[in-house]
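Colleague: Chains as they are written, first to last, in my numbering: chain A, 1 to 695; chain B, 1 to 483.
Check before you lean on any hint, since a few could be wrong.
[Claimed, not checked] Going by beta-carbon spacing under 8 Å, a handful of chain A positions derived as facing chain B: (1) 81; (2) 82; (3) 635; (4) 636; (5) 639; (6) 643; (7) 673; (8) 679; (9) 685; (10) 690.
[Said to hold, decoys possible] Restricting the straight-line Cα-Cα distance to at most 30 Å, the calculated cross-link-like pairs of lysine-lysine (BS3-like) are: (11) 178(A) / 118(A); (12) 141(B) / 121(A); (13) 665(A) / 490(A); (14) 353(B) / 428(B); (15) 665(A) / 435(B); (16) 443(B) / 353(B); (17) 173(A) / 665(A); (18) 435(B) / 142(B); (19) 599(A) / 118(A); (20) 38(A) / 142(B); (21) 490(A) / 418(A); (22) 142(B) / 443(B); (23) 353(B) / 440(B); (24) 435(B) / 141(B); (25) 171(A) / 141(B); (26) 665(A) / 287(B); (27) 118(A) / 173(A); (28) 665(A) / 443(B); (29) 437(B) / 38(A); (30) 142(B) / 121(A); (31) 665(A) / 440(B); (32) 38(A) / 443(B); (33) 440(B) / 38(A); (34) 355(B) / 437(B); (35) 353(B) / 121(A); (36) 494(A) / 665(A).
Keep in mind that the hints were calculated from the coordinates and are not lab data.
Fair warning: this is a prediction, and the values are worked out from it, not measured in the lab.
We put the CB at the ideal spot given by N, CA and C, even for glycine.
Residues per chain, in single letters:
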Amino acid sequence: MVSIDTVASDPNGIYVWLIWLLPFIGALIIPGVVRISKYVPGLTTGRVAIAFAAMSAVSAGSLFLGALDGIEIHDQITWISALGLKAGVLADPLSIIMANVVGWISFLIICYSTGYMKGDKDITRFWFWMMFFIGSMQLIVLSDNLLQIFFGWEGVGLASYALISFWYRDKAKDHVGKEGRTALGIMEYYSPTHSGMKAFIMTKVGDIMMLAGMFMIFAFAGTFGLKELLYETSWAVEMSAQSLLVPAAVLLFGGAVGKSAQFPLNEWLLEAMTGPTAVSALIHAATMVKAGVFLVARLGPLFFALGAAGIMADQFFEIIAWVGAITALLLATQGMVNPEIKKVLAYSTGSQIGYMMMALGVAGLSTQYVDGYTAGFFHLISHAMFKASLFMAAGSLLHVVGSRFMTDMGGLRKQMRKTYAFMWAAGLALMGAPFITTGFWSKDAIFAAVYESGSGWALPIFIIAVLTAVITAFYTTRMIGMVFFGKNSKHIEKMESEGHHIHEAPLSMWIPYGILAVLTIGIGVIGLSAEEGIHHLFTDYLEESFGIHTPHIDLEHSETLGFLSGLNPVALGSSLVAFSVGFGLGYIFYIGRWIDPAKFINSNIFFYALHKLILNRYYLNSMIYWSFVIAPLWLARGLYRYFERTAIDTGMNIGFERAIGWGAKVVQGTQTGVAQSYLYVFGAGVLFVVLILFI
Amino acid sequence: MAILGVVGMIIPIISIARKERGSVTFYAAIAFAALFISLVFVLSQVWSENISPAAIFSDDVLVDDTFGSLFAIAMLIVSIFTVIGSLNYIRKQANPAIYFSLILLSSIGMVLVAYSTDLVMLFVAWELMSLPTYILAGFAKKNPASNEAALKYFLFGALSSAIIIYGISLAYGVTGSTNIGEVIQGFATADASLMPLALLSVGLFIAGFGFKMGLVPFHMWLPDTYEGAPTPITTLLAAGTKKAGFAAALRIIVMGAVALNLDWTAALGVIAVMTMIVGNIAAIMQKNLTRMLAYSSIGHAGYILIGLAIAPYTSLGIQGSLLHILNHAVMKGAAFIAATGIIIVLATTHLDKIKGLGRRMPITSLGLVISLFALAGIPPLNGFWSKLILFGAAIDSGSVIWWGPWLAIAGVLTSALSLAYYGWITRKMYFEGEKEKRVKEPKSIIAVMIFAIIFIVGFGVYPEPLIHFAETAVPALNSGLIP
């Protein structure tokens, strides 16, 4: 526990600092490496990037065992003493596990990128921003105060902007969407530069909310420190008395909504697919979108712990849970119809993040905070693994086929056996295939947490969660079916006839996603005990760090389930059913191909309309463009023509300019260059000063 | 005190060297070595904390305290900038040995002013600092602008010296001592009938030192001199000797104000506002980079003065001033050295001629832009923090004096105004002009630029060491004079 005035220090702190400093150092020296790489054989920017990513991951790994024992490293330095600001790192079980997830998955993605980005002539820029991205994310994870988190937060935003619009020459192959398609008059076809800006601006909406929330808390607490906020909670009492606590918390959550692409700030995520696929993998698995979830996991216990002091923040958790639930369903449905493989995966990410938010939100509504907390965080870990794997595999497909459309793939299971196998493994985890995948256990834990939360909202959210799971299983099957089953598409036949041989991706590419796919299954087999391990760890963590006591409840409902004792039968049953229904439907349409989906949709007007609604993203994107881009532009032009050019330009602007110009002339006018007049002014000045003093 | 000995030893070395016909580089190397050793010595003293805490009351004529060290560091850095910047600039001039020797003499004067605790000592040091700069300002003998600059500077210098000595004599008449501590105590306990004389004395000090600080209305000589003098010398004047004025003002005026417990700080407040406004507004319309920087340095004197004006009410005020003095020395020094580099290459600093400079001289341009942005106070550069502390302190002082926050408002508004001309230069350099070829930039200028960029960005991201140093250097903090 730390009061505001003391500076915490820890001899092991240096390892924590290194975790986030190393990627930044790597980023800074990479441009220099380009210059000397000519003279040193074997020195390439890619290898330097791998080295620094590895060092960062290893220093995170060195703390891992400690995390299992529940250590806490809190190390601070004075940053700006005149303002009482401190910089610091805080490594507790939550952040150490997160740092390991980020560190190791980023490391694999960096390895993968050496293959994927081979021959790109802007590779230096790519490495710089990738390392910058990782460093910023680790900064978020390991910071001990909100201000520093915000620096990392903006760093992540900046890096994502630079990487999404990495191919800034806007070639047709780097766009997303289909040329010429429109929804409500809005083009559904985006260039990389446009997408980068879209992501930057949309996340910025959340960032500003977060900034406001942060400073509201600072205004009352006088500190940004997470530990300090917990140590002395009188700020919360005061804020709550003025009904400002929940608004501040929700504003902070606004930052997470933007970064994690939650409803209603979800639309940037799709266009973020214009970046190189390695970037997409990084954004979706390890960095960017996970930052929002991490923030909620970081701050959630703080607000929950205030409950013990009688300060309730229930609305805060309700909002989180509902935002998560809506996003999960909304984006999953859209994943069912999109023809682009990366977009399907992007929708799936948003939807899965929705699950995590849902769990973290529901946790706060339950007495068993740790259940939802563990479920959400466990899902974050398992999602990070399988989604990174899926994205990298999708990148291989794009790399080999040269098209982002699944309709241009098809029948690839013979040509790309390894990718096929790994994609199944990771895909099954996404679907929640029972008992052997991590995805199953984490999703099941969320179901159980929601079902058992005892909140009034438990049932509707639970139904949404199960429905989303059905849809998830369906679209994943659809994706794999369209890509690997059936016959080769015309596109591929054309490629083959032109002499391009379709072959497996190179070693440096399939190894990373292979590792993750195998891990997904491997950890899946021991998934239940892994989950229990995390559960146990977090129970202690929440108890020790936040004083959140978890009442021990005897779980009795499981005589019949044998080795599955401890699982909620309703949740378990629901996830089994959801998986089978979704997978079965997908099999019928896309693997067995017994019914042609196009015919099925056109068979009746209801399906047709629904399909169109979903394909057009519920018109949400179009509405955002109409109301926040086109209308303001139109308004701006009007204002410019009728107000600015007349009122401001002639009156205010010219007037102001003339006033300043006149002032400058007066001052310059005194500056005659004649020494006598200068001396005269000097003398007058002396008199003036003396006079003021005597008055 | 040993530091002064080290610096003093340089004179004979130089004078011996003068008899030979050495090259510019040779003399510059000697001057650089001397200044660098002194700087390292001062830094090591500060580092090892082998130094007395900031004090105004001392029986000695000189005291080796943190306050003086802070100024000494700022001044020595500027002097080093000047020496390095002169390397290529002064090549065509005669008498390089004299040139560098004068720079060193002036540096000794500056450092001594910072360490002085006796009025007579201070005056001697003041003259030691000033006299060489009169010659240096007119060092380009064949250039009428340089001659004019020197003449105006000298006229004002002579006048202000007279005013200072008059102020000293009044102070001595009232208190019977020339020791600053005793003078201030004497002021505090002086008979009521002597009060007008004490006030007059302080007023004369403000005017006399205000000349060096470039305060409005004592600033008239400044733009002409800065523009006409050789640009490295302008660096020395703008970033170095100006600080000596502040050192003296802090030691005498502010401490006097605190001790007298009188509301005469309002005078400083008024001057601060006038200085900020005049400096920044005049800078906007300038067509010449050097002249624009000269006006901007008038404006910055106003910012620093904010801290002095509110000194009796919050210790943050002086802390902010000291921090800004240190930062300003590097920022403004680097900006003028960049201008020197531009003159070496383009032979002019007219703003129409610097189009596309970002491509022609990338490192100089980057250094210039970063120092300009730091001057404007854009985070995360070091200038942001010192302005933040100054303005924050001004707002804090609002609980005691009603006009405190207005200083902050004037500061913020004029800072915004200053961004107009800093941004204009940036636009000229980076967004205008066609395909310029890269030219060779002088190595000496590049070295200064790199040092300045590291300093500005480094202490922008992690300002704590400087802030802490400035805090320890607030004089009389321990004596309880300042709340």
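Colleague: Each of the hints needs a verdict: does it hold here or not?
Modeller: The hints, checked one at a time:
no. : hint            : verdict
1   : 81              : holds, 6 Å
2   : 82              : holds, 5 Å
3   : 635             : violated, 26 Å
4   : 636             : violated, 22 Å
5   : 639             : violated, 23 Å
6   : 643             : violated, 23 Å
7   : 673             : holds, 6 Å
8   : 679             : holds, 7 Å
9   : 685             : holds, 4 Å
10  : 690             : holds, 4 Å
11  : 178(A) / 118(A) : holds, 27 Å
12  : 141(B) / 121(A) : violated, 55 Å
13  : 665(A) / 490(A) : violated, 74 Å
14  : 353(B) / 428(B) : holds, 9 Å
15  : 665(A) / 435(B) : violated, 35 Å
16  : 443(B) / 353(B) : holds, 22 Å
17  : 173(A) / 665(A) : violated, 57 Å
18  : 435(B) / 142(B) : violated, 36 Å
19  : 599(A) / 118(A) : violated, 42 Å
20  : 38(A) / 142(B)  : violated, 50 Å
21  : 490(A) / 418(A) : holds, 23 Å
22  : 142(B) / 443(B) : holds, 27 Å
23  : 353(B) / 440(B) : holds, 17 Å
24  : 435(B) / 141(B) : violated, 37 Å
25  : 171(A) / 141(B) : violated, 62 Å
26  : 665(A) / 287(B) : holds, 13 Å
27  : 118(A) / 173(A) : holds, 17 Å
28  : 665(A) / 443(B) : violated, 39 Å
29  : 437(B) / 38(A)  : holds, 25 Å
30  : 142(B) / 121(A) : violated, 54 Å
31  : 665(A) / 440(B) : violated, 38 Å
32  : 38(A) / 443(B)  : holds, 25 Å
33  : 440(B) / 38(A)  : holds, 24 Å
34  : 355(B) / 437(B) : holds, 12 Å
35  : 353(B) / 121(A) : violated, 35 Å
36  : 494(A) / 665(A) : violated, 74 Å
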